[in-house]
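Protein chains: 4
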Amino acid sequence: MAKSRFEYVRDFELPDPLLPSAYIVVRIDGRGFHKFSDTHTFEKPNDVRALNLMDRAAKSVMDEYEDVVLAFGESDEYSFLIRRQSQLYNRRRSKINSSIVSLFTSSYVYHWPTYLPNTPLQYPPSFDSRVILYPSAKEVRDYFSWRQADTHINNLQNTCFWCLVKSGLSTKEANKTLQGTDSKAKNEMLFSRFAINYNHIPPQFRKGSTLVRSPPPDLDENTSDVKPVLVPGDRKGKRRPYEGTTGEVIVVWEDIIGDRFWEDRPWLLPP
Amino acid sequence: MAKSRFEYVRDFELPDPLLPSAYIVVRIDGRGFHKFSDTHTFEKPNDVRALNLMDRAAKSVMDEYEDVVLAFGESDEYSFLIRRQSQLYNRRRSKINSSIVSLFTSSYVYHWPTYLPNTPLQYPPSFDSRVILYPSAKEVRDYFSWRQADTHINNLQNTCFWCLVKSGLSTKEANKTLQGTDSKAKNEMLFSRFAINYNHIPPQFRKGSTLVRSPPPDLDENTSDVKPVLVPGDRKGKRRPYEGTTGEVIVVWEDIIGDRFWEDRPWLLPP
Amino acid sequence: MAKSRFEYVRDFELPDPLLPSAYIVVRIDGRGFHKFSDTHTFEKPNDVRALNLMDRAAKSVMDEYEDVVLAFGESDEYSFLIRRQSQLYNRRRSKINSSIVSLFTSSYVYHWPTYLPNTPLQYPPSFDSRVILYPSAKEVRDYFSWRQADTHINNLQNTCFWCLVKSGLSTKEANKTLQGTDSKAKNEMLFSRFAINYNHIPPQFRKGSTLVRSPPPDLDENTSDVKPVLVPGDRKGKRRPYEGTTGEVIVVWEDIIGDRFWEDRPWLLPP
Amino acid sequence: MAKSRFEYVRDFELPDPLLPSAYIVVRIDGRGFHKFSDTHTFEKPNDVRALNLMDRAAKSVMDEYEDVVLAFGESDEYSFLIRRQSQLYNRRRSKINSSIVSLFTSSYVYHWPTYLPNTPLQYPPSFDSRVILYPSAKEVRDYFSWRQADTHINNLQNTCFWCLVKSGLSTKEANKTLQGTDSKAKNEMLFSRFAINYNHIPPQFRKGSTLVRSPPPDLDENTSDVKPVLVPGDRKGKRRPYEGTTGEVIVVWEDIIGDRFWEDRPWLLPP
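Keeping their order, the protein sequence lines are chains P, E, X and R. Under the UniProt record's numbering, the first sequence has 28 at position 28, and the numbering climbs by one with no breaks. Under the UniProt record's numbering, the second sequence has 112 at position 112, and the numbering climbs by one with no breaks. Under the UniProt record's numbering, the third sequence has 201 at position 201, and the numbering climbs by one with no breaks. Under the UniProt record's numbering, the fourth sequence has 104 at position 104, and the numbering climbs by one with no breaks.
Derived from the structure by calculation, the hints contain no laboratory data. Just so you know, not all the hints are guaranteed correct.
Copies of one chain are not kept apart here, so a pair can be met inside one copy or by any two copies together.
[As the list claims (entries may be wrong)] Only pairs whose alpha carbons sit at most 30 Å apart, straight line, appear in this in silico DSS-like list of lysine-lysine: (1) 172 with 35; (2) 95 with 44; (3) 186 with 95; (4) 138 with 166; (5) 35 with 59; (6) 176 with 95; (7) 59 with 95; (8) 95 with 138.
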């Protein structure tokens, strides 16, 4: 079997390394999730079971890849931040991109019965993904602000839309009613017509889900900079800065546009 | 909510179009499948249930993407051929790569209980994938020859190895016994020591699985070139060449190194 | 001097190999040549001295790089074909692109006094360049057809325009006169108003310049396929196919859209 | 002339935009300059005429491209820093790379007779070039430190080597003498054997050439940050920060590894 005769085809697999030291964001998006959510009768405007399942799938990614230090999700999309010094898969673009979207998808299908026990999965859902590089911390901040601002805008719009539809309007009428309204008008509509205070809607819907790791309990609270922590299993007590790669992954539904979230976790965006 | 202030971050999503008219191959590989197959007690050297599940996942990809005209799988890997003129996702590399690996993964987990009903899935498996371009038909032929030659080499090696182990050798002893043996010696070992005629082993194990579509029944059998076929639903009877994008997906376990397979399906590699 | 402390910056120089076996075209274009030709009072619509200088610069590229087997130039642009199997600079995109445009530019300035002896060069001209890949011979043919068709269209337009201007029209009037006219009308205008038979205009202006190498005299004339030739300096008389990489570079002003040019030189586009 | 039939070949020209906001470095290198310097009998170890010509060619690049805010050269190489917010040619990699190397080459040949009036240019020299991205200011600093450290190392080595050769050693003997010697030993050799105090060698040879622009005279001297300057021709007296893109290009032979050079020109590496 003349194996060697064919092996030259490997030379066509070209290298695709990502720029060193740049921040890496991987964003996955559901493919055809409008139809998918209809088929599986997701609650509108938000299905908390489906959102929790998305969070669970994102957690699988962070459990597997310690260099993913932050994740943010809304609706059928999730963004993952890989720290800038990461050498994951030698920073090969396709390898990183495909491994993350595959694991996310796998976990989503695997955990489906736990999160939607009474809704059999009708067909295999899928996601696409892309890799985006950002040179500096500012742009990473703005990226996640962009996604959370989007979460708010979409949720406000969808909340109004489904209130109108549930009150008897056709989808066409609902869209027409909302056309051209700004945030303030939408808030007032919710309050006056549907007795809903938008700010009382669960933060999970308004803010999206943010996944980070819990830093070690002995983290030095007195410094606002990156803090040295005890390396587990290091008998000599050598200390090194906490980099966000260890600790339990937790979900928070907080504002990540303001400074507070990031100031509390300076290791996410080291200088 | 100042959405526009953040939207500039979209400019960092750079275009990644693939070279037009080049053949596109997407190859997915199981991540950590050595451990995965151990955990799920796959039969050695080949677990027909797991291989059929791989084929089922590959079929999902071909059912979804008509431009995938051929797929070849062995062990924990699968290669997909996208026809050269495809405009799938405007030939965006990441979009194509991620969508295919995600759907494959999803289908693999979704169909697991059907193919391995008595083996609960312990954790979500995942795959990576890459896109490879080939300028000409010759290189595509050689690519698939390379994979099928690899199938043969690995299967012969593994068949010998597991016969030795099942006969009482340690894995270390088995490896030592096989060290330096060529194909002929391995065939003789199987025959003389284990009464196995390698050529009687199921072709699925020896040849891997090839997925193609069945051409329409009225395909002109007299021409060896690409043949015009009736376009379904076209009342005027307009005819156009069959391109391998329609018809039922079938699995075959055939030699694809020789010319016969390709001569029977000239639409796979149009000039 | 802590050299090693800084050397990590080399890691940011990422690989950029071109797809193997694809045909490589490098096209250079003059930057700001409208102004450049005005400053140096180039004759309109064609300055034969400037065109010959372009050809001379292209010849320098072919003299230096044997893998450049064909070049085609018109106006202030030149296209170079690098044979598909070339390993020039390990097919590094930037290296190939920059080396060719640099040598072309250098030769253009170096030979200027020879070709325009009475026109001192006022400032250094420059060119940009790009690399384009084509998977198959058909696309390479069509690329050069595109450029030669462009040569014809531009030359016919410019010939009419400058005839009108030299006859007393303003450039605005000349443009208005030509607006919306097709090739036939332009030919008739030249003939009836200016007594010019377009086909008698020098082929250098109508067809552009094509550079190829002369094959060895002992090339087998009886085969239309690639022919074996005597390798120079090989005493044993070993013969191998002529690949267009040796022999004197010559300029021709021929039609390269039709088949004849390519049939006469089968080595340019090997299967 | 069926132009449209061929125009599809343009689709093979794929986009190649550089990552936004990253610092861009273009480095050009002489091709075959060992032979070139021999042919033109450059003085060893440094030919001040040839170095000045390199500086002149680099100045042409900065005069043409205002976004090139810094250049550093030694021997037959030059590095250009393009500011991170530059939109030059929409940040197209090949366009930027080829335009700069072409203009540099052109200027080098154009100005040759001025700088080496008694040395006729024997053949057209050429350069290659590459584009390198750096995410942050630190890496840009380290890049230029790398090049200046290299200048020092090479110059010390070459100075010793040519002293030995001029004193009568063969090149082989000179190399052997220098093998394994460190900086200190080389300095001592120069002093004790050749009465040369290395620090008295012209800084142009020891430090390389750095090109920057002179800031406007009314630049605010009291702030260490980027300073607002009067925009020329703006009657309203609107002030904006100086960005290093205007003002006369000057050559300095200074240390650029330490902080001083950069602190004096905070606009080169804005946060």
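*Please write out, lowest number first, the hints stated earlier that are contradicted by the structure.*
3, 4 and 6
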